[in-house]
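Undergrad: What follows is each chain in one-letter form.
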Amino acid sequence: MTANTLSSSRTVESAQEWRQLEMDALVGYILLGGVLLSMALIVAGLFWKYLQTGGVRLEYELAGMNLFQFVVSEIHLAALGQIRPRLLINMGIVVLMLTPFFRVLASVVYFLVVLKNWKYTTFTLFVLLVLTGSLFLR
Amino acid sequence: MAMPPFHLVLPVALLAGFVGAMSGMGGGIILIPALTLLGVDIKHAIAISILSVIATSSGSASAYVRDHITNLKVGMFLEMFTIVGALAGAAITLASSPRPLYIAFGGVLLGSWLALLLAGHKSWESAAPQDGITRWLELEGSYPDQALGRTVHYKARRAYLGAPLMFGAGIIAGLLGIGAGAVKVLIHDLVMGLPPKVSTTTSNLIIGVTALAGTSVYLAAGLIYPGLAAPVILGVVLGAFLGTRLLVRLSNQAVRSFFLLILAVLAIEMIVRGIRGA
Chain P
-6 MTANTLSSSR
4 TVESAQEWRQ
14 LEMDALVGYI
24 LLGGVLLSMA
34 LIVAGLFWKY
44 LQTGGVRLEY
54 ELAGMNLFQF
64 VVSEIHLAAL
74 GQIRPRLLIN
84 MGIVVLMLTP
94 FFRVLASVVY
104 FLVVLKNWKY
114 TTFTLFVLLV
124 LTGSLFLR
Chain A
144 MAMPPFHLVL
154 PVALLAGFVG
164 AMSGMGGGII
174 LIPALTLLGV
184 DIKHAIAISI
194 LSVIATSSGS
204 ASAYVRDHIT
214 NLKVGMFLEM
224 FTIVGALAGA
234 AITLASSPRP
244 LYIAFGGVLL
254 GSWLALLLAG
264 HKSWESAAPQ
274 DGITRWLELE
284 GSYPDQALGR
294 TVHYKARRAY
304 LGAPLMFGAG
314 IIAGLLGIGA
324 GAVKVLIHDL
334 VMGLPPKVST
344 TTSNLIIGVT
354 ALAGTSVYLA
364 AGLIYPGLAA
374 PVILGVVLGA
384 FLGTRLLVRL
394 SNQAVRSFFL
404 LILAVLAIEM
414 IVRGIRGA
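Chains as they are written, first to last, in our numbering: chain P, -6 to 131; chain A, 144 to 421.
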């Protein structure tokens, strides 16, 4: 095993292994991109609020609603030209919540299309369906 | 609910993320007691914490996944159980009065204290036989171990036991708004026999999806306040980033002793408040 160094072990031998590495990279970038985008939106919203009011205190609540109602109401406000600091902050929260959701969606595609693994396509679909259902909770 | 000011919440969240990352316990376990001390009602603290858990777990999972240490199959299989648990746990919290939540949180803090105290006294061995169910589930893999300088191959076992236990871990996560990473890692290590690196990184991946299930329940209940969410998310993520960077430089023993002390104090504090009525 000593001859089997890290660099040689990383040499990708089969096409399937190669695809797995690509999938790992994709999942990694979805997670990283989602968190960074969410943070950027929140920082931008807070900065805007600060420029407007000289403070960053936000005193509003989200009436109980599910993520999709939340997104629709935000888009509606944006379409009306009511782009305000709180819109950016709300979108930051939305992006954060959708980050693991898209990670699971990517996993479904990976198991279905790339690996053609029916067992894991079923498992992943179950997770996706439960998450989708929970995002529609009222 | 009285909302504490931004300039108080941000440093508290930063510290929680920092200590959580250094100890490997996650930010929520410090964040929730700290927020309640600032006057935030415990259910709102739980809701905001589980939202921030999505950020910290996704952020750190991204690096581990790209390093090819995370086992996606183990993650997907166990997520089926944790997300249902998280939905149930969050529903219980909504129905519960605050005092049992304080006591339950204190109990989990004590459990974490015990887990941390006992950690490091076990070593992983790969030679355990794999059972039929776990083989059918294809729960095995390999990862490049940089410390050993070679690829480590492993086979998981006892998935039939790990799955219901992970449902329980999901309930704790949804109920108390924490990642419950310590519980998940224990199940991966001791029950399913995953190598430590695989178990911590895969648990990270599971935590994000589990936290999303819990968050959706709290969002629907109107417990997510953006004015509180903004400084908490920023603080916790930044703190976790700094904590992970510092982890390599500080000795494990110093971090452990420090964290054992914090956990013990918070556990007693939460239980006392639960009993006396916060």
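Check each hint, because a few of them may be wrong.
[Claimed, not checked] Okay, derived cross-link-like pairs now, DSS-like style, lysine-lysine, Cα gap no bigger than 30 Å in a straight line: (1) K109/P x K340/A; (2) K112/P x K340/A; (3) K340/A x K298/A; (4) K298/A x K112/P.
Don't read these hints as lab results, they were simulated from the structure.
Undergrad: Is K109/P within 30 Å of K340/A, Cα to Cα?
TA: Judged against 30 Å, a Cα distance of about 28 Å means the pair holds.
Undergrad: Take the C-alpha atoms of K112/P and K340/A, compute the straight-line distance between them, and say whether it is at most 30 Å.
TA: holds (26 Å)
Undergrad: Going straight from one Cα to the other, do K340/A and K298/A come out at no more than 30 Å?
TA: Distance of about 14 Å is within 30 Å: holds.
Undergrad: Are K298/A and K112/P close enough, with their CA atoms no more than 30 Å apart?
TA: Status holds; Cα separation ~18 Å.
Hint violations for this structure: none, all hints satisfied.
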